[in-house]
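Chemist: The whole structure should be built from the sequences, with the hints applied where relevant.
Each chain is listed here by its residues.
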Amino acid sequence: MSQESEQDTPFEKRSREVLEESTARLDGRTLSRLNQARHAALEQAQRPARQAWRLLVPAGATAAAVLAVILWIGRPPGVEGTRTLSSNTIDDLLLLADTDAPDFVEDGEDLEFYEWAADELES
Amino acid sequence: MQRVTPHMTAFVTLRGVYNTPVHLQFLGAERSRDHDLMTSRALEQFLASVEKRAFKIAQLGLRNDDDALDAVQDAMMKLVQSYAARNSDEWRPLFYRILSNRIRDMQRRRTVRGRIMAWLPARDAEDDEEFDPIAQAPSLEPNPAKRLELDEAIGVLETAVAALPPRQQQAFLLRNFEGLDVAETASAMGCSEGSVKTHYFRALETLRARLGEVF
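Chains A and B, in that order, are what the protein sequence lines are.
My numbering applies: residue 1 is where the first sequence begins, and numbers increase by one.
My numbering applies: residue 1001 is where the second sequence begins, and numbers increase by one.
Read the hints as simulated data drawn from the structure, not as lab findings.
Just so it is clear, the structure is predicted and the values come from calculations on it, not from any experiment.
Take the hints with a grain of salt, since some may be wrong.
The calculated BS3-like cross-link candidates involving lysine-lysine, where the alpha carbons are at most 27 Å apart (straight line), are [stated by the list, open to error]:
(1) B:K1052 <-> B:K1078
(2) B:K1052 <-> A:K13
(3) A:K13 <-> B:K1078
(4) A:K13 <-> B:K1146
(5) B:K1052 <-> B:K1197
(6) B:K1052 <-> B:K1146
Modeler: As structure tokens, this is what we get:
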């Protein structure tokens, strides 16, 4: 909650006021989605703990997609379709394959993206 | 003194085994249900009290409404899943810590995506946002002049805040907008109180330089 302090400068007070006003103007669609998100979170608390395999399936699929990209990149020079990658791109792919990857794909949306990326690289 | 017969012993044992434990189990289950219900209500009240500001913070950090909604929903889920049993006084800094981490993760992922997209062939923009007439509908406003003035102030402030470096932005929004104290902000940002003060001071300096004392 926003709390006004006596020590706040006029700038701090004004900026808080403006941000509060902006928040008060959130449209109906956003408010409805926030409401849905809250109820989804609370309903989840009533359900039994998530089964591990549900997390492992998308995580495994992502790992496979990232691995496919890395293997494809790793083709020896002269093989048709080889592209040159900067070290930044390789770092990015390694980053996607690190321990954060399962978290990246929890919503499924990113899984689709990485699968698409792997397909694009293969085509 | 009364002699204890085998029947009496059996009766006491049966009472001990069947009556009391069943009764206590029932009471225990009821208390547990009551406790869960209270926690659930308290969590709902807490989430309802922070969700709009949390969305605004995520929106300024991510500059995308859908991503901001996802970040807030993830933070809500994580809080309920992992920290519901904690003292309710701890929920706010914990919630903002989760949200801050989620925003940072999404910013990082977006940077990576941007690099990969720049390297990959162009993709058709077929899945762009659909037109939503409800979201686009104008709302009724009694004082158009004041609205216009506020519109302008919101626009310049949000643009300036969105342009702040991430840590300064976090410190500014958590301290000034969400009203967390220095210790809570430090807990939410996962840094020292001294760092919070430095980030906040720098954010104010940058914003004042850009917007003036009272914009």
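Chemist: Against each hint, give a clear statement of whether it holds in the structure.
Modeler: Checked hints:
| no. | hint | verdict |
| --- | --- | --- |
| 1 | B:K1052 <-> B:K1078 | 17 Å, holds |
| 2 | B:K1052 <-> A:K13 | 19 Å, holds |
| 3 | A:K13 <-> B:K1078 | 32 Å, violated |
| 4 | A:K13 <-> B:K1146 | 18 Å, holds |
| 5 | B:K1052 <-> B:K1197 | 25 Å, holds |
| 6 | B:K1052 <-> B:K1146 | 22 Å, holds |
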